[in-house]
Amino acid sequence: MRDKVLIGYGQGFWGDSILGPVRLVREGPLDYLALDYLAEVTMSIMQKLKGRNPQAGYATDFVAMLQRTLPDITKKGIKVIANAGGVNPQACLAAVLDLARKQGVKGLKVGIIEGDDILARIPELQKAGHALANMDDGRPLSAVQSKLLSANVYIGAFAIAECLRKGAQIVIGGRLTDPALVAGPMIHEFGWQPTDWDKLAAGTMAGHIAECGAQCTGGNYTGWREVKDFVRIGYPIIEASPDGTFVVTKHEGTGGLVNRNTVISQLLYEMGDPKRYLGPDCTADFTSAKIDEVGKDRVRLAGIKGGPATPTYKVSLSYQNGFKTTGQLTISGPDAVAKARLCADIVFGRLALDGCTFEEHEKLVELVGAGVCHAGITESANPPEVVLRLGVKCDDEDKVDRFGMEIVPLVTSGPPGVTGFAGGRPKATDIVGYWPALLDKTQVKTTVRVEVS
Amino acid sequence: MAKVKLGSFAFARSGDKGDGSNVGVFVANAKDYEVIKRELTVERVKKHFHAICKGEVTRFEAPNMFALNFLLRDSLGGGGSESLKTDAQGKTHGLALLEIEVER
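Those protein sequences? They're chains L and R, same order as listed. Yeah, the first sequence ends on 453 if you go by this note's numbering, and it's all consecutive. Yeah, the second sequence ends on 1104 if you go by this note's numbering, and it's all consecutive.
Careful: at least some of the hints might be erroneous.
According to the in silico footprint, chain R covers these stretches of chain L (three or more CB under 8 Å from chain R) [what the hints assert, rightly or not]:
id, stretch
1, 56 to 64
2, 81 to 90
3, 272 to 282
4, 317 to 326
5, 431 to 445
Think of the hints as simulated: they come from the structure by calculation, not from any bench. These numbers come from a predicted model, not from an experiment. C-beta: ideal position from N, C-alpha, C; glycine also.
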């Protein structure tokens, strides 16, 4: 058993910079590269793509990233773990094998984890009495069942460890939890068992710290003036030990900052009750960790306590929930605020003249620059200009499009100083409703498969 | 004791939890932790975010990090893909909390 394993986290979300993984594999030692390509709405987009093309429905960014990094990854023997499979891990596997062959890489073992996608099984699960009620408000799934777009179970770290045990150098999953991408290699390397709650909690906590990439290495830190060289910000590396202690760090010579503050900032991100962080493999107590700076850009976490996981998996479902659009204009001063308010009244007034009305909760009027993000806290009564953002949402796509046609005319038929309209008329786009639910663990079986280039 | 901005000695991070916003705030030492525990009551935070948070506010404590974590329900105009708001994920709410004035 190795006494230390280096796990880098190169993508914090779908759309993160390709420089994260590219630099992690080049700029210092690394054993594992973890990458998160999914967000709550991503799965619904991928189901739509797959509906149109059976070879689509995974994160193509992952393949583009491998195109640049595969030479380093194979040369250095770095293992890669990603939830890039989306709703089509098999197609992702085929694309990666194809890329490896094109680059002349022989014998690359690529594994996939399947079983998280339960969209096709919903009727069967419903019939068997699994309600999949909305865990936030208790509504029964029947309220949206006809409009479902995707349904994925959050899979934990043991499926990843199993795939690694079968020899995969690249592990591709669908809806693997973000922290599992870090805990999986620890389980594999250190032989942790399903009842090693404290160690699994440590793995989960390490994963939570790293899962948003540079958000623990100086990104989005309210002490931002302390952070050096944002351009070359280093992505996080977890230096893991068999006993569950770990150090959060980054490659030497990279930009950014790792200290107690940047790590705690990220521990608090998307947090509910810090004493009970629920995951598929364990319950972690984030308040049990001892957090110490042990060197430049090195923060050590120890003493983490955990407990058994719940008997259910969290399921992320999405459904078509109407249409929306937003458009914007810039309104210059003098009197930017008064003129922007007038513009908003003109748009909705003209729409009403044409029989197109919206409920109050279906409308948005924002005066960006006058105090939108911190409404009621920091506002400005007389900014030199504001960006007027108008939006609507409702079930009627035509009404949303009709709204989009009434913004540009303000340039010539409203108060003076209206400009900055670019990009054409805003068009209706789908609203993807999010439906979190719980499902008995006995109903989910994951399978792993490894193929060789 | 003097009135100072929370942001002069505390750090914060925020993000979304469904249609709720999660605002974590922490300080560097036990003495300041007593300050924020005393000053940042649920009522005070709810009032501070009156134009943003339409729901209930819950507070959690993490003494090992000298941190408080607030959940601000119904703060994102529907949250995720449903929201029309500029800050649909509550990314800036941490900085908004740091604007509050406290006795230190």
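Structure-based check of all given hints:
1. With 0 residues carrying a beta carbon less than 8 Å from a beta carbon of chain R, the stretch 56 to 64 of chain L misses the three-residue requirement, and the given coverage is violated.
2. Closer than 8 Å: that is the beta-carbon criterion, and the stretch 81 to 90 of chain L has 0 residues meeting it against chain R, so the requirement of 3 is violated.
3. Only residues whose beta carbon comes within less than 8 Å of a beta carbon in chain R count, and the stretch 272 to 282 of chain L has 4; three or more means the coverage holds.
4. Residue count for the stretch 317 to 326 of chain L with a Cβ under 8 Å from a Cβ of chain R: 3. That meets the three needed, and the coverage hint holds.
5. Proximity of the stretch 431 to 445 of chain L to chain R, defined as three or more residues with a beta carbon under 8 Å from a beta carbon of that chain, is established by the 5 residues found.
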